[in-house]
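Enquirer: Work out the full structure, taking the sequences as your base and the hints as a guide.
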Amino acid sequence: MRGLFLMVLSMSGTASLVILLVLLFRLFLRKAPRVFSYALWAAVLFRLLCPVTVESPVGIIPSGMPVLLERRLEVADRLNVADRPGAPDSSGASNISRDPDTLAVAEEAPDTGGITDFQEGRAAQSVTSLAGLLAIATAVWLCGAAGLLLYSLISLFQLQRRLLGATPLAGERQVWLADHLSSPFVLGLFRPRIFLPSDLPKEERGYILFHERTHIRRLDPCFRALAWLAAVIHWFNPLVWLAFYLAGRDMEISCDEAVLRNIGRDIRADYSSTLLRLSTGKRLPIGP
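Under our numbering, the first residue of the sequence shown is numbered 100, with each subsequent residue one higher.
The hints are simulated quantities; they were obtained by calculation from the structure and are not laboratory data. We put the CB at the ideal spot given by N, CA and C, even for glycine. A couple of the hints might just be wrong.
Label-pair ranges, simulated between beta-carbon atoms [to be verified]:
no. : residue 1 : residue 2 : range
1   : Gly287    : Val239    : 29 to 35 Å
2   : Gly246    : Arg290    : 27 to 33 Å
3   : Lys130    : Cys321    : 24 to 30 Å
4   : Lys130    : Phe309    : 23 to 29 Å
5   : Arg261    : Arg290    : 15 to 21 Å
6   : Leu122    : Arg272    : 35 to 41 Å
7   : Ala142    : Gln273    : 15 to 21 Å
8   : Ala131    : Ser297    : 36 to 42 Å
9   : Ile362    : Leu262    : 25 to 31 Å
Expert: As structure tokens, then:
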């Protein structure tokens, strides 16, 4: 689990650089259609979720650093075991010093004073302290991610209970009307369903269905679910939450722009006023 956390730290560090670049590019795309800004967030999502990377000299955290650090910590753990009462004598410690992993770490590491101290045993205490701090950080990370996942499940369960009385809209496929909804939304990934407030005027349903079906056609629910998963994994990184918020805005605005391009000019004003009314207090669903 410690190695997994180190990998997440490396991915989060590299993704932070990508997020900053996307924020910079968005400044130059302010007058362009928002779909271009929305597309940029795919690079951030890929970097946050894909552990495979290409070694780069300008990276925040070199891709080999987590592996090297993990191997050093493993060597420190073995040295600690050798120093405990009842552990094998010096011959056992000698075997540890000849361990292939120990030799590999020594060969891979640069010839610096700090590494020399480590090889001589003077840095063993500092590495042990680092291992303890890393264990605590790993536990905190796991608790935070588990808490967010639990929050997602509870929110989804509560939403499902609110939708128990939903009724299908006649003449429409996978469209449901539900009471006590402040805004429409899409629920589900493989079989997405559209839920509309039951008090939504009939003349506005066509606009909203066009909007929500545009989301489905562009696979926005899948992107939103993956973005939330990335936020759960990298919850400790504030830049990830900023990216999650801005990507959601770009998604909604680009969807509105796509709808406006495909509807008649005579109903654009009605569509815009409907969106403005429904956007009051609107909150994006956090889960699929």
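Enquirer: Next step is simple, just say for each hint if it's right about the structure.
Expert: Here is how each hint holds up against the structure:
1. Gly287 / Val239: 29 to 35 Å: holds (33 Å)
2. Gly246 / Arg290: 27 to 33 Å: holds (29 Å)
3. Lys130 / Cys321: 24 to 30 Å: holds (29 Å)
4. Lys130 / Phe309: 23 to 29 Å: Since the Cβ atoms of Lys130 and Phe309 sit about 25 Å apart, the hinted range of 23 to 29 Å holds.
5. Arg261 / Arg290: 15 to 21 Å: With a Cβ separation near 19 Å, Arg261 and Arg290 satisfy 15 to 21 Å, so the hint holds.
6. Leu122 / Arg272: 35 to 41 Å: holds (40 Å)
7. Ala142 / Gln273: 15 to 21 Å: violated (31 Å)
8. Ala131 / Ser297: 36 to 42 Å: holds (38 Å)
9. Ile362 / Leu262: 25 to 31 Å: holds (28 Å)
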